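There are 2 protein chains.
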Amino acid sequence: MRATLLYGAGDIRVEEVPDPRLVHPTDAVVRITAACICGSDLWPFDTKPADGVPTRMGHEFIGVVEETGTDVTTVRAGDLVVAPWVFSDGTCEYCREGLTTSCTHGGIWGYGDADGAQAEAIRVPHADGTLVKLPVAADSALIPSLLTLSDVFGTGHHAAVRGGVTAGSSVTVIGDGAVGLLAVLAAKRLGAEQIVLMGRHKARTDLGREFGATDVVAERGDAGITAVRELTAGQGTTVVIEAVGTRPAYDQAVGAVRNGGTISRVGVPQYEDAPVGIGSLFFRNIRLTGGAAPTRPYIAELLPDVLNGTVDPGKVFDATTDLTGVPTGYRQMAARESLKVLVHP
Amino acid sequence: MRATLLYGAGDIRVEEVPDPRLVHPTDAVVRITAACICGSDLWPFDTKPADGVPTRMGHEFIGVVEETGTDVTTVRAGDLVVAPWVFSDGTCEYCREGLTTSCTHGGIWGYGDADGAQAEAIRVPHADGTLVKLPVAADSALIPSLLTLSDVFGTGHHAAVRGGVTAGSSVTVIGDGAVGLLAVLAAKRLGAEQIVLMGRHKARTDLGREFGATDVVAERGDAGITAVRELTAGQGTTVVIEAVGTRPAYDQAVGAVRNGGTISRVGVPQYEDAPVGIGSLFFRNIRLTGGAAPTRPYIAELLPDVLNGTVDPGKVFDATTDLTGVPTGYRQMAARESLKVLVHP
Numbered sequence: 001m002r003a004t005l006l007y008g009a010g011d012i013r014v015e016e017v018p019d020p021r022l023v024h025p026t027d028a029v030v031r032i033t034a035a036c037i038c039g040s041d042l043w044p045f046d047t048k049p050a051d052g053v054p055t056r057m058g059h060e061f062i063g064v065v066e067e068t069g070t071d072v073t074t075v076r077a078g079d080l081v082v083a084p085w086v087f088s089d090g091t092c093e094y095c096r097e098g099l100t101t102s103c104t105h106g107g108i109w110g111y112g113d114a115d116g117a118q119a120e121a122i123r124v125p126h127a128d129g130t131l132v133k134l135p136v137a138a139d140s141a142l143i144p145s146l147l148t149l150s151d152v153f154g155t156g157h158h159a160a161v162r163g164g165v166t167a168g169s170s171v172t173v174i175g176d177g178a179v180g181l182l183a184v185l186a187a188k189r190l191g192a193e194q195i196v197l198m199g200r201h202k203a204r205t206d207l208g209r210e211f212g213a214t215d216v217v218a219e220r221g222d223a224g225i226t227a228v229r230e231l232t233a234g235q236g237t238t239v240v241i242e243a244v245g246t247r248p249a250y251d252q253a254v255g256a257v258r259n260g261g262t263i264s265r266v267g268v269p270q271y272e273d274a275p276v277g278i279g280s281l282f283f284r285n286i287r288l289t290g291g292a293a294p295t296r297p298y299i300a301e302l303l304p305d306v307l308n309g310t311v312d313p314g315k316v317f318d319a320t321t322d323l324t325g326v327p328t329g330y331r332q333m334a335a336r337e338s339l340k341v342l343v344h345p
Numbered sequence: 001m002r003a004t005l006l007y008g009a010g011d012i013r014v015e016e017v018p019d020p021r022l023v024h025p026t027d028a029v030v031r032i033t034a035a036c037i038c039g040s041d042l043w044p045f046d047t048k049p050a051d052g053v054p055t056r057m058g059h060e061f062i063g064v065v066e067e068t069g070t071d072v073t074t075v076r077a078g079d080l081v082v083a084p085w086v087f088s089d090g091t092c093e094y095c096r097e098g099l100t101t102s103c104t105h106g107g108i109w110g111y112g113d114a115d116g117a118q119a120e121a122i123r124v125p126h127a128d129g130t131l132v133k134l135p136v137a138a139d140s141a142l143i144p145s146l147l148t149l150s151d152v153f154g155t156g157h158h159a160a161v162r163g164g165v166t167a168g169s170s171v172t173v174i175g176d177g178a179v180g181l182l183a184v185l186a187a188k189r190l191g192a193e194q195i196v197l198m199g200r201h202k203a204r205t206d207l208g209r210e211f212g213a214t215d216v217v218a219e220r221g222d223a224g225i226t227a228v229r230e231l232t233a234g235q236g237t238t239v240v241i242e243a244v245g246t247r248p249a250y251d252q253a254v255g256a257v258r259n260g261g262t263i264s265r266v267g268v269p270q271y272e273d274a275p276v277g278i279g280s281l282f283f284r285n286i287r288l289t290g291g292a293a294p295t296r297p298y299i300a301e302l303l304p305d306v307l308n309g310t311v312d313p314g315k316v317f318d319a320t321t322d323l324t325g326v327p328t329g330y331r332q333m334a335a336r337e338s339l340k341v342l343v344h345p
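In the order they appear, the protein sequences are chains A and B. Counting from 1, one number per residue, gives the positions in the first sequence under the UniProt record's numbering. Counting from 1, one number per residue, gives the positions in the second sequence under the UniProt record's numbering.
Check the hints yourself; a few may be wrong.
To be verified - Listed below are the simulated SDA-like cross-link pairs for lysine to any residue, each with C-alpha atoms no more than 20 Å apart in a straight line: (1) B:Lys-315 - B:Arg-209; (2) A:Lys-48 - B:Arg-209; (3) B:Lys-48 - A:Gly-279; (4) B:Lys-48 - A:Ile-278; (5) B:Lys-48 - A:Lys-48; (6) A:Lys-48 - B:Ser-140; (7) A:Lys-48 - B:Gly-279.
To be verified - Here's a subset of chain A near chain B, in silico, CB distances under 8 Å, partners left out: (8) Asp-128; (9) Glu-272; (10) Ser-338.
Hints in this document: simulated from the structure, not taken from any laboratory. Quick caveat: nothing in here was measured; it's all calculated off a predicted structure. The beta carbon of each residue, even a glycine, is placed where N, CA and C say it ideally should be.
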């Protein structure tokens with residue numbers, strides 16, 4: 001079969017690899033019908049050393065189960081399924097608490113010996129814990145929105161949940177990528193009253209307004225912080241969702257959050273150290289929360305609203321390609337010509 | 001009157017200063033009957049530059065109201081009162097939410113033109129918002145415990161509340177100073193099941209056991225983290241309260257907290273930057289919370305349990321002195337010969 005491999009920064013190829021097959025009795029093999037490129041894929045696309053060890057890419061997919069191991073009981077050949085961006089056993093202490101990203105036996109697609117999802121097919125470890133059966137056909141018009149349950153909608157939802165967004169909340173969302181825009185949608189869905197979207201790409205911030213943003217701030221840094229404070233009686237918003245992952249975005253979050261409020265991060269931090277001392281977080285009683293989103297348990301929570309059309313997170317896809325077009329899709333997303341590229345292998 | 005002034009690191013003196021008097025109609029003047037030395041006083045005692053501008057010291061007190069401004073309505077001359085370590089107007093948006101440390105008109109004793117509490121008397125700004133009348137006599141046996149409501153018990157309570165301690169929680173408390181020990185008491189009071197106290201001074205950790213610690217870990221750093229994990233099936237505790245304020249204590253908290261758990265800091269951070277990235281907090285979904293404790297609203301919450309003897313936080317005092325003995329008290333606490341010194345001016 002064909003799969004997407006990243007050989008080094010900027011060097012992405014679609015190549016023949018061995019077909020996936022069952023290895024453990026808890027495995028399934030899934031033929032992928034829809035996958036996509038994630039904003040987080042752009043970090044390795046930008047920085048991976050050309051070390052001769054290519055990485056299988058892609059961690060979001062919908063597909064049709066082809067074969068299941070003898071221990072798999074919840075899905076069977078022919079089922080259409082969606083997978084979260086981490087696989088998990090569904091039975092360990094962390095999975096039972098809903099923190100599937102800390103699963104004792106879990107992993108991320110494309111890491112270690114796990115396949116990537118920008119491919120024709122994939123071996124799914126712990127199929128029962130990982131896959132969720134979808135009650136639609138593989139060519140349903142809902143597929144783009146359902147695909148966002150793999151990662152970006154669930155991640156936006158995680159940001160809002162961890163941020164403590166409830167009815168009436170004031171929220172700033174930093175970043176107009178797919179996760180930022182879907183954090184807007186998630187915050188709106190949870191009842192936020194004021195949602196300030198910080199982003200400077202009009203097509204994206206327009207979609208953000210459609211998703212529920214009440215204000216858009218194009219400025220960054222101190223000017224951006226000032227603009228958020230002007231919209232909030234000088235105080236900042238109770239919740240700030242940081243959906244970028246850079247240090248400047250973190251600093252912007254510290255500046256835009258209200259005393260006693262919460263910074264919820266879902267942008268993968270490209271830094272390790274950041275200010276957390278007296279002047280930044282401590283004296284002001286700012287909470288820092290968020291993290292890698294355990295989207296598996298969120299699928300059940302968000303699925304009904306996607307199926308009944310209450311929300312349409314699939315609008316973040318503004319381009320579609322087949323597998324051959326994936327390298328071009330990476331370049332378009334890196335150049336910010338595309339927001340998010342849907343892949344039909 | 002006499003007051004305590006810090007001229008520079010190690011140079012602390014009790015000197016004559018002008019008697020306090022009413023300045024604003026919202027002020028009160030209080031004759032102090034009980035004050036104390038705080039672990040946080042030791043940071044400036046250790047580091048203050050000898051810049052010719054002495055600092056008034058002390059931020060915890062009980063006293064008798066001598067005089068009130070014309071706008072003061074909740075306390076009157078003769079009342080015994082306790083004050084939190086920050087004064088606050090009680091009416092601003094933050095005060096109404098209970099975040100008195102962010103009061104628009106608030107301040108900390110000893111900063112700016114505010115008097116210090118290690119003195120014979122003190123001018124209290126915003127007396128209605130700041131002072132709480134106590135239903136006991138100035139020589140009550142409950143005075144030590146009531147005095148901890150100014151700061152250390154309220155701060156330990158804040159750590160436990162922000163950490164999300166509830167019935168059945170597992171908690172690590174880093175630090176066997178007064179705040180750490182009272183965080184143990186607060187966690188126990190809120191129903192924590194397992195409380196691991198990290199400290200190496202036996203007299204203190206023995207008091208910690210009396211307050212509710214189920215385990216004591218004397219090791220620090222990696223050895224300390226390993227010991228906490230051995231007590232918790234390898235996972236760490238759901239809550240870690242950091243009551244020291246150093247970077248090593250922060251790192252210990254990151255190592256001792258369970259994935260998905262919460263680090264609640266109340267030790268005043270002596271660092272600004274710390275690890276918050278993928279490996280430390282982000283991938284593990286660790287919350288970082290806590291901060292300067294708004295003890296004013298906690299007084300009403302904790303007072304009944306102190307009055308009826310359910311808790312006895314005053315046990316943290318292991319020495320008593322008059323004002324003349326305050327410099328010696330600082331030296332004893334800095335040398336860890338005293339846990340916390342009570343001052344009867």
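For each hint, the structure was consulted:
Restraint check: the Cα-Cα separation between Lys-315 of chain B and Arg-209 of chain B comes to about 12 Å, which is no more than 20 Å; the hinted pair holds. Taking the CA atoms of Lys-48 of chain A and Arg-209 of chain B, the gap is near 51 Å; set against the 20 Å cutoff, the hint is violated. At roughly 18 Å between alpha-carbon atoms, Lys-48 of chain B and Gly-279 of chain A fall within 20 Å of each other, so this suggested pair holds. For the hint linking Lys-48 of chain B to Ile-278 of chain A, the alpha-carbon distance of about 17 Å falls within 20 Å, and the restraint holds.
For the hint pairing Lys-48 of chain B with Lys-48 of chain A, the CA-to-CA distance comes to about 47 Å; that exceeds 20 Å, so the pair is violated. At roughly 69 Å between alpha-carbon atoms, Lys-48 of chain A and Ser-140 of chain B are farther apart than 20 Å, so this suggested pair is violated. Among the hinted pairs, Lys-48 of chain A with Gly-279 of chain B is consistent with the structure: their alpha-carbon atoms are about 18 Å apart, no more than 20 Å. A hinted interface residue such as Asp-128 of chain A counts as satisfied when its beta carbon comes closer than 8 Å to some beta carbon of chain B; here the least separation is about 22 Å, so the hint is violated.
Look at Glu-272 of chain A: its Cβ gets to within about 4 Å of chain B, closer than 8 Å, so that hint holds up. With its C-beta approaching chain B no nearer than about 26 Å, Ser-338 of chain A sits outside the 8 Å limit, and its interface hint is violated.
Of the numbered hints stated above, those contradicted by the structure are hints 2, 5, 6, 8 and 10, listed in ascending order.
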